[in-house]
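Enquirer: Chains H and U, in that order, give the protein sequences. Numbering-wise (this note's numbering), the first sequence opens with residue 4 and increments by one. Numbering-wise (this note's numbering), the second sequence opens with residue 56 and increments by one.
To be clear, the hints were calculated from the coordinates, so they are not data collected in a lab. Since the structure is predicted, the reported quantities are computational estimates derived from the model, not experimental observations. Heads up, some of the hints might be wrong.
DEER-style ranges, computed between Cβ atoms [unchecked claim]:
1) U/Ser81 <-> H/Glu56: 29 to 39 Å
2) U/Met138 <-> H/Gly6: 23 to 33 Å
3) U/Ser135 <-> H/Leu30: 27 to 37 Å
Just so it is clear, CB atoms sit at the ideal spot from N, CA and C, and this is done for glycine as well.
The residues making up each chain are set out below.
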Amino acid sequence: ETGVTQTPRHLVMGMTNKKSLKCEQHLGHNAMYWYKQSAKKPLELMFVYNFKEQTENNSVPSRFSPECPNSSHLFLHLHTLQPEDSALYLCASSSGGVGSQETQYFGPGTRLLVL
Amino acid sequence: AQSVTQLDSHVSVSEGTPVLLRCNYSSSYSPSLFWYVQHPNKGLQLLLKYTSAATLVKGINGFEAEFKKSETSFHLTKPSAHMSDAAEYFCVVTRILTGGGNKLTFGTGTQLKVEL
Numbered sequence: 004e005t006g007v008t009q010t011p012r013h014l015v016m017g018m019t020n021k022k023s024l025k026c027e028q029h030l031g032h033n034a035m036y037w038y039k040q041s042a043k044k045p046l047e048l049m050f051v052y053n054f055k056e057q058t059e060n061n062s063v064p065s066r067f068s069p070e071c072p073n074s075s076h077l078f079l080h081l082h083t084l085q086p087e088d089s090a091l092y093l094c095a096s097s098s099g100g101v102g103s104q105e106t107q108y109f110g111p112g113t114r115l116l117v118l
Numbered sequence: 056a057q058s059v060t061q062l063d064s065h066v067s068v069s070e071g072t073p074v075l076l077r078c079n080y081s082s083s084y085s086p087s088l089f090w091y092v093q094h095p096n097k098g099l100q101l102l103l104k105y106t107s108a109a110t111l112v113k114g115i116n117g118f119e120a121e122f123k124k125s126e127t128s129f130h131l132t133k134p135s136a137h138m139s140d141a142a143e144y145f146c147v148v149t150r151i152l153t154g155g156g157n158k159l160t161f162g163t164g165t166q167l168k169v170e171l
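The shape of chain U in the complex, shown without the other chains:
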């Protein structure tokens, strides 16, 4: 079985300061991990994904995440927050389906608030 735990349900930062959203995973084999973002009244958008290549993954809008097997973590970071980053962020572990496609297992989400 696979699961992810997002350690913070809410994170608040000031504009221009670093962002850290924490995620730990549990998997019986080498996992693939994604981060998705959900803005109000919009669909989920993929930020980045790790699929066993480079452990430091760069995504869109300046976000990046580092896969650390020893810590079973996949934390999302950004050096400088922007007001437009305010949204809900989901850490996701995936499993390939034998019938095609893949199954996403979502964390409970972290609501990021960016203040002036």
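Bound conformation, chain H alone:
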């Protein structure tokens, strides 16, 4: 399997549920990213990991908890979400070099609906 994969592709959860989104990249990259794409709002960066270390948190509420156990895998743990958190969550990866404008490769996304 190549590129960036995300599971599940669709998720419906209640506000009291706990769920996790998974991202896996098969490109040998070292940087991984979570983005949120809401209706009628620009894509927003949420978190950045480079060599498994979190390097950016774009003021994301604590009900979103990322985890990066290795450079190939990235998780987003969800708990006590709100209906306004319903969105498409996109994962991306890049080579992770310092000082270069890298291409980010995106997965297909997880469509999340919070009831």
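Chain U: place on chain H using the hints.
Expert: Relative to chain H, chain U alone:
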């Protein structure tokens, strides 16, 4: 701070006619700019990128964009539209992160419709 403004939320063209998707940027220093495309139920794909080399950048599928500093613009063009070009297009300004990687700031997107 950096930002991009996509001037049209929807553009409709006939197959075989030229495509123009407009983007203006704001940046306090010389920016790097990308165009990404998003087809339904698929991930974002990079079309092309400008990183301070040649101002006319050629991308995939016949698309190109010209960086014009005097106009703070980075418009995307294609001479002849194809039905398969129907998708949403995002103009992006990027910032290198000190911890590695880069931060993409997206425009609001332009939905391109191609009619027969």
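Enquirer: I want to verify a distance hint. Is the separation of the beta carbons of U/Met138 and H/Gly6 within 23 to 33 Å?
Expert: 25 Å, holds
Enquirer: With 27 to 37 Å as the target window, see if U/Ser135 and H/Leu30 comply at their CB atoms.
Expert: Cβ of U/Ser135 to Cβ of H/Leu30: about 32 Å, so the range 27 to 37 Å holds.
Enquirer: Quick one: are U/Ser81 and H/Glu56 within 29 to 39 Å, going by C-beta?
Expert: 31 Å Cβ-Cβ, so the 29 to 39 Å window holds.
Hint violations for this structure: none, all hints satisfied.
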